[in-house]
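Colleague: Note that the protein sequences, when read in sequence, are chains B and P. In this text, residue positions in the first sequence follow the numbering used here: the first is 16, and each later residue adds one. In this text, residue positions in the second sequence follow the numbering used here: the first is 49, and each later residue adds one.
There's no promise every hint is true.
[Unchecked claim] Using C-beta positions, here's what the derived DEER-type ranges look like:
| # | chain 1 | residue 1 | chain 2 | residue 2 | range |
| --- | --- | --- | --- | --- | --- |
| 1 | P | Glu271 | B | Ile319 | 53 to 63 Å |
| 2 | B | Ile302 | P | Gly91 | 40 to 50 Å |
| 3 | P | Glu271 | B | Gln425 | 20 to 30 Å |
| 4 | B | Ile415 | P | Pro89 | 39 to 49 Å |
| 5 | P | Gly91 | B | Ile319 | 45 to 55 Å |
| 6 | P | Ser167 | B | Val366 | 24 to 34 Å |
| 7 | P | Asn56 | B | Ile302 | 49 to 59 Å |
| 8 | P | Lys58 | B | Arg333 | 54 to 64 Å |
| 9 | P | Ala221 | B | Gln425 | 20 to 30 Å |
| 10 | B | Ile415 | P | Thr106 | 25 to 35 Å |
Read the hints as simulated data drawn from the structure, not as lab findings. For each residue, glycine too, the CB sits at the ideal point set by N, CA and C.
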Amino acid sequence: MGMILKIALRNIIRHKRRTILSAITIAFGLMVFIAMDSVLSGIDRISIDNMITLSTGALKIQTVAYDKEKNTFPLSYTLDSSLAQLTASLAGDRRVRHVTRRTQFIGQLSNYTETVPVVGTVIDPSTDSLVFGLAPYVKGAFFGPESGREIIIGRQLALDLGVGVGDNITLYALTRYDSRNADVFRIVGVIGTADPSINHSGVFLTFAAANDFLDLDNGVTELDVAMARQSSLPRFAREVQDVQKSVQTQFPQLRVNSFLDIGANVMELTKAKRMSGMVIMGIILVIAVVGIFNTVFMSVYERIREIGVLRAHGMKPRDINALFLLEGVATGALGSVIGLALGCLINVYLVSTGIPMDKAVGSIAEASYGITGNVYGQWNVSAMIVVFVLGIAIATIAGIIPSRRASKIQVTEALRFN
Amino acid sequence: MPLLDIKNVKKEYRKGDKSVTALSGVNLAIDKGEFLSIVGPSGSGKSTLLNIVGCLDTPTSGSVLYNGRELGGLSEQQLSDYRRDNIAFIFQSYNLIPVLTVRENVELPLVIERKYSKSEMAQKALAVIESVGLGGMADRLPRELSGGQEQRVAIARALVKDPLVVLADEPTANLDSATAEDVITIMQTMNSKRVTTFVFSTHDLRMERHAKRIVTLRDGAIEKDERRQ
Numbered sequence: 016m017g018m019i020l021k022i023a024l025r026n027i028i029r030h031k032r033r034t035i036l037s038a039i040t041i042a043f044g045l046m047v048f049i050a051m052d053s054v055l056s057g058i059d060r061i062s063i064d065n066m067i068t069l070s071t072g073a074l075k076i077q078t079v080a081y082d083k084e085k086n087t088f089p090l091s092y093t094l095d096s097s098l099a100q101l102t103a104s105l106a107g108d109r110r111v112r113h114v115t116r117r118t119q120f121i122g123q124l125s126n127y128t129e130t131v132p133v134v135g136t137v138i139d140p141s142t143d144s145l146v147f148g149l150a151p152y153v154k155g156a157f158f159g160p161e162s163g164r165e166i167i168i169g170r171q172l173a174l175d176l177g178v179g180v181g182d183n184i185t186l187y188a189l190t191r192y193d194s195r196n197a198d199v200f201r202i203v204g205v206i207g208t209a210d211p212s213i214n215h216s217g218v219f220l221t222f223a224a225a226n227d228f229l230d231l232d233n234g235v236t237e238l239d240v241a242m243a244r245q246s247s248l249p250r251f252a253r254e255v256q257d258v259q260k261s262v263q264t265q266f267p268q269l270r271v272n273s274f275l276d277i278g279a280n281v282m283e284l285t286k287a288k289r290m291s292g293m294v295i296m297g298i299i300l301v302i303a304v305v306g307i308f309n310t311v312f313m314s315v316y317e318r319i320r321e322i323g324v325l326r327a328h329g330m331k332p333r334d335i336n337a338l339f340l341l342e343g344v345a346t347g348a349l350g351s352v353i354g355l356a357l358g359c360l361i362n363v364y365l366v367s368t369g370i371p372m373d374k375a376v377g378s379i380a381e382a383s384y385g386i387t388g389n390v391y392g393q394w395n396v397s398a399m400i401v402v403f404v405l406g407i408a409i410a411t412i413a414g415i416i417p418s419r420r421a422s423k424i425q426v427t428e429a430l431r432f433n
Numbered sequence: 049m050p051l052l053d054i055k056n057v058k059k060e061y062r063k064g065d066k067s068v069t070a071l072s073g074v075n076l077a078i079d080k081g082e083f084l085s086i087v088g089p090s091g092s093g094k095s096t097l098l099n100i101v102g103c104l105d106t107p108t109s110g111s112v113l114y115n116g117r118e119l120g121g122l123s124e125q126q127l128s129d130y131r132r133d134n135i136a137f138i139f140q141s142y143n144l145i146p147v148l149t150v151r152e153n154v155e156l157p158l159v160i161e162r163k164y165s166k167s168e169m170a171q172k173a174l175a176v177i178e179s180v181g182l183g184g185m186a187d188r189l190p191r192e193l194s195g196g197q198e199q200r201v202a203i204a205r206a207l208v209k210d211p212l213v214v215l216a217d218e219p220t221a222n223l224d225s226a227t228a229e230d231v232i233t234i235m236q237t238m239n240s241k242r243v244t245t246f247v248f249s250t251h252d253l254r255m256e257r258h259a260k261r262i263v264t265l266r267d268g269a270i271e272k273d274e275r276r277q
């Protein structure tokens, strides 16, 4: 095996240009794979982080009855009876960072000439910003502790109705007791987030304003839980699911949903995006396969007489096979190492500086990905290991056919070959 | 009992739709220690006969016996083993492995044989390199050698495993007169010192002159078989 390895490695060095070209093909494939995986992971992470900070929280706790009818946003299924016990329990869990209460309702917003359906969210301004991150997206002002009849509305909603900060607007809704109510609110802020549903149909009130308007009497339909963000999404998801399980066990009358449950469609979209990325990566890897295949074939063709000599001296076909296979594997390993190094270098940039998504794909990014600003890459060590091994495996597979061909060449034909 | 006994060997090739007869019933017995030259015009079947004797090719009919053992019907693997253990080759165009040094090229048959330790292989290789007059060139690559030196390396590679038979196909064809004489002398010395059997095909009259036995082939059959003292 030592001599076979020696011949294989020296041939790789001898045919520098061909080796470098093949290694570059593999390296390019790996580098693009690592960079794409990093960016896709970054996009996924931003989408999921946005979902958590803008709408789902890590956990959302509602009554079982509310959960069943949640599409109608019923005000009658409140957490009132369990609220104190639930809040105390969550406060005792070190994994839980903050908790806030919210109540959602449906209504209509009118500027007297046009009426638009909206989804209203009643928030507690003193704790909401600890769980959700709405304030930075608000133009105008976020609710203060003394907020009265004030409202924050979605950016697109404001555009559709031709209103802005400081204007008054009329909100219609059914109260907790199913009677219709309408009231005029002053717009203190316009919110434009990465969540299109907030921009198009979201309105926000404080409990102080909603108690009166919706006969809410501080009724809370959901409790939202924030947990410490972790750089590893799977680890974060596991921790959230652990807390979910523990709360669910303690409060069987309630429904505890994690961001994974609520954002199932976002998670599915994430998977779909991954698949499309994989297809592109697959194409790149096929190119790499062709490169290696070509290299080993060229090598076999150029060295047919050498094969004849080795066979004449008694070298077995399997050793000839191993010789050429090793050349493919070594070229693949070289390409994989270079690709991994380049991929890591690019990833350092992607993780630290990121890609300005607005400039790269414009408003599509916001509409389809829920992303604004920079997308930062993610370190995905397991994917890097997989792709490194894959690079070598691909080179091995690509070398199989030409190597087998080499081992089957008739000795006399090989020796006659010019 | 002859070392190699070729009995009524026929070889036909397919060339498109046609069948071409390369050997038509050759009978030849070769004893241990012979220095035998196969001569004849191009296309007379010299290389085919060497290939069959060297188990690089199989006859269409007839048999080849080595030390009384029939070689027909051996598998590809067994033929590889037979070549590895008994036969060495010298080629017209040397066919050294370009990425290996002189020593490594000479060691190659021993590596394939897998009988010796690294140091034993190096020792044997250096001794035979010395004996063909290339002492001090063991670490050179083939591209750093002249044609004559390359053929000497090829001879050293053939002799390093002490084969019973060395088959050489036109070993001096690419060499100038002086170098060819050197190569012939080396082969003769090895033949007499080691009692190695040499069978070589040639067009070269210089080689013919040194042969102890000359077999002339014409149209795939033996025309003449003469022995010299």
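Colleague: All hints are to be evaluated individually against the structure, with a verdict given for each.
Modeller: Tested hints:
| no. | hint | verdict |
| --- | --- | --- |
| 1 | P/Glu271 x B/Ile319: 53 to 63 Å | violated (33 Å) |
| 2 | B/Ile302 x P/Gly91: 40 to 50 Å | holds (47 Å) |
| 3 | P/Glu271 x B/Gln425: 20 to 30 Å | holds (29 Å) |
| 4 | B/Ile415 x P/Pro89: 39 to 49 Å | holds (44 Å) |
| 5 | P/Gly91 x B/Ile319: 45 to 55 Å | violated (23 Å) |
| 6 | P/Ser167 x B/Val366: 24 to 34 Å | violated (53 Å) |
| 7 | P/Asn56 x B/Ile302: 49 to 59 Å | holds (56 Å) |
| 8 | P/Lys58 x B/Arg333: 54 to 64 Å | violated (32 Å) |
| 9 | P/Ala221 x B/Gln425: 20 to 30 Å | holds (23 Å) |
| 10 | B/Ile415 x P/Thr106: 25 to 35 Å | holds (28 Å) |
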